[in-house]
Structure formats: C-alpha cells, structure tokens
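**Student:** Modelling step: build the complete structure from the supplied sequences, incorporating the hints.
Sequences listed follow chains A and B, in order. Position 233, counted from 1, in the first sequence is what our numbering calls 233; the numbers after and before it change by one each time, with no gaps. Position 138, counted from 1, in the second sequence is what our numbering calls 138; the numbers after and before it change by one each time, with no gaps.
Take the hints with a grain of salt, since some may be wrong.
Unchecked claim - A few chain A residues facing chain B, derived, Cβ under 7 Å: (1) 19; (2) 142; (3) 380; (4) 521.
To be verified - Simulated pairs of lysine-lysine, PhoX-like, Cα-Cα distance not exceeding 25 Å: (5) 69(B) to 144(B); (6) 307(A) to 140(A); (7) 146(A) to 76(A); (8) 102(A) to 76(A); (9) 296(A) to 249(A); (10) 136(B) to 161(B); (11) 69(B) to 539(A); (12) 140(A) to 124(A); (13) 307(A) to 296(A); (14) 30(B) to 560(A); (15) 27(B) to 560(A); (16) 124(A) to 119(B).
Calculated from the structure, these hints are not laboratory results. Glycine included, every Cβ here is placed at the ideal spot set by N, Cα and C.
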Amino acid sequence: MGGDLRDLYFGEALYQALQGRFFDAIQRLDTELAMHHGLDQPGLDTLHYHVNDAEFDVGDFELNYRMHHRAGRAIKAVLEGAVDESVRNEAAFRLARIHFQKDQLDDAQNALARIHGVVPAQIKDDVEFLRANIDMAMGKPGDAVKVLQLVHSDESLAGFVAYNLGIGLFQDGRTREAIDQLDKAGRLPAADDAGLAIRDKTNLVLGTMLFESGDFERAKQSLDRIRLGGLFSNQALLRAGWAEASAQKYDRALVPWNMLVEREPTDAAVQEAMLAVPHAYASLNLHGRAAIMYGKALDQFNKQIEKVDASIGSIQEGRFLKALIREESRQDETWVIRLRTLPDAPETYYLMELMASHDFQTALHNYLDLEDLQSRLMTWQTSLDAFGDVIRLRAQNYEPLLPQVDAQFRELDSRMRLRLEQRRHLAQRLQAMLTAPRPDFLATAEERIAGERLALIEKQLGDSDNPQSLALRQRVARLRGALTWRLQTEYQERLTAAHVHLKELNADVETLTRQYDDFVRTRQAATHSYVGYDAQIAKLRERAADALERVDSLMDRQGKMIETVAINQLMARRERLVTQQTEARFGVADSYDRAARTQSGEEGR
Amino acid sequence: MFRRNHIIVLALTLCLCSVHGWAQQDKQDKQQQQQNNQQQQMRGLDEQVQQIKSDVLGIAAELNQLEEKLLYPSGTQVAIFVALATGDPLRLDAVRLQIDGQLVAHYIYSFKELEALRKGGVQRIYLGNVATGDHKLEVVVDGKLEGGADFSRTERFTFRKEVKPKMVGLTVAGSGNTPIALGEF
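**Tutor:** Okay, structure coming up:
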C-alpha cells in the first residue's frame, strides 16, 4: 500500500475524508476504532500502527462535520488515555482549538495549559498562534503581541501570523508599529490561495487605516497591492478611489471606480461606486456627465430593488431552499457563484451577499447536512425493506431443505464419531505398545482366529493321558509356538507398519474433519442467513423512522431560520438601496440643475 | 495523515462612513437584539443538529454491520482495495477487476477521487463473496503518465480465500518495475 499504511480500512476513511465525505469517514473510522478497542489483543490488529492518528483523525472529521461535542469528547479521550507526552500535547492543542472555535476562552486556555514537555514540531507554531488568538479574544492584545513576535512560522502560516501581529499591535494602542507591521505583512510572499487572500486582506485593512489617518498616498499604495481578481478587489477598488478623492484627485479616483461599476451589480461595493462615479464627475465640474451617471445609477438601483424584492418574494415562496439543495449546484466550490447566474431564479441573486454572514453559513451548512441525512435515512428504509425480502426468500428456500439435510447429517455424524473414536483408541494402544510391547495386539485376523482355534482345541483335549491326546497337545503346542514366534519376531516390523498406517489415516481424518467443519459452517451460515434478524430489523426500522421524523422537523425549522436570516439581510440591503436610490435621484436633479446653470452662465457671458 | 489547518484570522471592523444619529442608534439596537435572538435560536438548532447527526451515525454503523452479516458473511467475504504508490504522478483513469473470469468492478475515477488517492487515501473498489480456496484475480489499470503518454497494464494474481474475511490491496504505480502490486491482509 502507499506510504506506511498498514490498515486498509483506516486508508478508506482517509479516502472518504479527503473528498469531504465526513459522514462516511466518521462512520468507517468509528467502526474500526470500536472493533480495535474491543479486541483481546489490540496489539495484533493492523490499526494498532495508526491508532493515535486514527483517534485524532476521527476528532478532526467530526469537527469538519460540525460535530463539536463529539470532536471534543474524542480528543478528551486521547488526552486522558495512556499516551506519549507528544501525543497528549497534540490532543491538548486540538481541544483548545475546539474550545476557541466555540468561544469558550477559559476552557481553551486551560487546555493549552496542559501542554508540557515535548510538542510535536508540526504543531509548535500552531500552538503559539492559537495562544495569541486566545489572548486577543480575551482582550489581552499586549500578551498576544509578545507571543506572536516569537513565532517563526513557515510560509503557510507566515501571512496569518504577520497579519494578526499587526492587529494585535493596533488593539494594544501601538498604531504606528501596527501600520509598519501590516506594511511588512502586506508584502510577504504567498505560497497558496489562502496566503494570497490574507495578504490582500492585510493590504485592505492597512489601506483603510492609512486612509482614516489621512495618509492617502500610502493608503493608495497599499490598496494597489491587492489582486484585481481576488476576494477583496471590489473593496480595494472602492477604497482606492476614496483615497484619491480625499486627496482631491477626482480624475484619478475615477480609474478604479469606473472599473468597479462594470462589475457584478449585486455587490455592495459596486453599488457604492455607482454613486461615487457621478460624485467625482460633479467634483470635476462635469455636471452633464455626472447627471448621466446618476441617471444610470438610478436605473441600476431601481433594477436592484426589483431584484431584491424578487429575491425576497421567491424566498417567501420557498424556492430558495429548493435552489440550495439542487444536487448539481454542489458539485464544486464555485456553486454559490454559479447559482447566482441561474436564469429565472431570483431567489439566488443575492446569495453571495448572504454567504458573507457567518450565521447564514452555519444555518446553510446545517440545512445541507440535514438534507443529506434525510436522503440517507430514506434510502436505508428502502434497504431495510430489501433486507426483509432477502430474509423471507432465504427462509422459503432453506426451510423445506434443512430438516432432510440435518437428518442425513446426524446419521453421518454418528458414524464418523464412531470411527474417530476407534482411531483414537488404536492410537492410544500403539502409543502404549512403545513402552509395553504387546505382540498379540498386532496379530492379523487370521492369526487371531488361529490362536482362538488352538485355544479351543486345547480346551477340548483337556488333561487326558491318552497317547493320541498327548500327540495332539504336542502338535497344538508346536503350532502355538510357531504362532508366537511369528508374532514376536515380526513385532517391530508390524509396529512400524501400524504407525505408518495410522499416519496415513491421519491425512484421511484431516480431510474428513475439514469437510465436516465446512459442512457445519455452511449449515450454520444457512441458518444465520435468515434467522434472528427480525427484531434487529424492526428496531432499526423504528430508529430510522424516528430519526427521519426528527430530521424533517429540524429541516423545517432550520429552513425557516435560513429564510428569516436571508429575508432580514435582504430587507436591510433593500433599505440601503432605497437610500442610494434617493441619493441618485437627488444627484440627477442637482447635476441637471448645475449643468443648466453652467450652460446659462456660459451663454450669458 | 489527515490534517487541516484551522487558521483563525482576527476581524477588524473599520468603518469608512461612521456618522450615525440617535435614531439610527435605536434602530441598530433593535437590529442587534434581533441578531442576538437569531444567534441563540441558531445555537439551539445547531445542538439539535449535532445530536441527530450522532444518532444517524449510530444507525448507519448498525445498518452496516447488518448488511455485512446478511450480504457479505465473513466466510465468503472478499474486499479489494486500490491505492496509488506514494508520490506517484500517474493520472489514474480507470480500474477493471475480474475474479475467476467474471467482471466484478469497473471504476472510472473523478478528479476528487484521484486527489484523495494521491494524498494517501485507499479506495475499497469491491466488496463481494467468493468460496474458500484459490481464486484468480485479473486487474486492468488505465491512466496517463506524467508526460501525457497512455498507461495501460494488466496483471494476473492468485489469492487464497480462507474462512475469515479476505482483504486484497492493490498498489498502482506509473513508474518502477511493478505497475500493480498485490498485498494480502
């Protein structure tokens, strides 16, 4: 197998998890761990080689499947088990991370306090990073800064450490140092998409801070470092424009803003730019142009208000939830973006905006998980019906056959037992004869009959002194002597032969025993294939039905929650759009007015 | 092993236009109250969702055991697994398996599945039943090598099924002398 993998089922759990199928991964690994811990000698099990990783991984899978309670329990079990110091420290770190994510800061700090001695190299930086985050969340930015200043992380974490250090300094009131630190962080090389995104975010925050402190030139430089295709580019373009405008450079402000107004019109930054552009034209005394742009903005706001209204209406009709659970929509990570472009689906126009909210994301993920559970439970109910059919058909097939088979088997079984007993008896005798020779035991049937006949003749002859009898007794004695001679002289040879024959018999007995065992197993399998499942299936059916009922009810409540959150957010958005619409309307009138006045002034001159 | 970075980035809310009147403050308080209520409800729901997930996982485990006992009893059970050799750049497209001349599996890999194999995951490609004794296994692997050349190999193996469940592992490699290696467990 690839790498050092020794347990195939552990590999299978990883295979599922690496594809984001955490339910299947947890199920697989849970089963493996339960079997492993139930063994008398777990050291002989192949999972033994990976058991620490498996215990951690099941916690990770549960965390990814948003089961914080179980994840915490799994990791606590590792922490309290008899494990190496480094394993215990890693468990403490993971537990602290779970507590931190759940906002249980004291518990997170207590978990970190359990770390002593050897810390695995791969989590050393993560531990300190987490420690600093907890300090920040507890309102101790000074402590966080001290920790972060000592972290020398690799490229994957460097951007995050540098950013958080900047924020820590800022929250500690050291604004100048914060700006310098963020400036450094905003120039760091990035190894991957996450690194690029945090660098963009750093530059956005830095640009905003510089802008607010009135350092427009530096603000613009920082904002210019943000990638045009990145997550923060709309915000960056908007703020870059404001940085120029604040320095009274309206012509230069128009460059990023004009670029921005061509982008997706549902984005808040784009909508703000729609008003900013005519504002810049008006400031440049291009009132005619400003009037046209205000007019365009007004059109766009009207359309967007209609879209928001359509979205709200569509959500109220329940179409939003249906759109979210479309199978094809979740094939890749860009599904949210693609959903927005679906024709005739107003419910999804503002989905990107909604996704920015943590509450909405949590609710949505839970809803999708519930939908997955619902479809699993429904499939299982069908499976249980199929199992019932399989059992019924097997019973129909076996029940008429088995009594006859059992009767034949009982007869064969008694014969076999008899023969085996005989063989055992012979083996015992031969074994005894090695120390106490008994040539008579090795006599052939003929010899035994001859011996018995001689004994009979001897008995019939009695003790008579009759000469004829005497002669006959002598003959009998000779014959007995000849017989004894033969048995005694051939004894060793016969004993060897007997042992050889017994050994040959062993092979036959072995074949017979194997066939016997095979039969017994097959016979048992036949019974096991249909007997004893009824209660288990009935219980499972009941549990599945009960779970399905609960899932349905939870889905209903979770769905309503999603709709409420979505509608609330869209209502707030609508309110903002109405304000912008009013501003645009006023702008149109004002710009026409000013344009007319300018024109009449020119004519007057 | 399976690890994911859980990077936490601190949020810093910087507001460009921060002029708020008293009326707006009142409205904001109401919105805040509404949000708090929503958050509480969400947390309550989240707890219940976690509980139902746990229950359904329990049902799944029991159902799996039942399925194995009913459909793949240990006396006849055979499971075949596929893994990629560590660090091998082969783009695995498909695997076909025949046991004793019968086609039992023909699997075409998606991008996600291939990535999971490359990161050390192991796929259980087949779970079925065979009688105890020796069996012939034919494995056909199709894919593309790093340079884009076609890769197709067929290997034949024999495995022995005993009374206990049989696990057969196949490791596929685009490079080296052993394109398909068999490991029995």
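**Student:** To test your reading of the hints: which numbers does this structure violate?
**Tutor:** When the structure is compared with the hints, numbers 2, 5, 6, 7 turn out to be violated.
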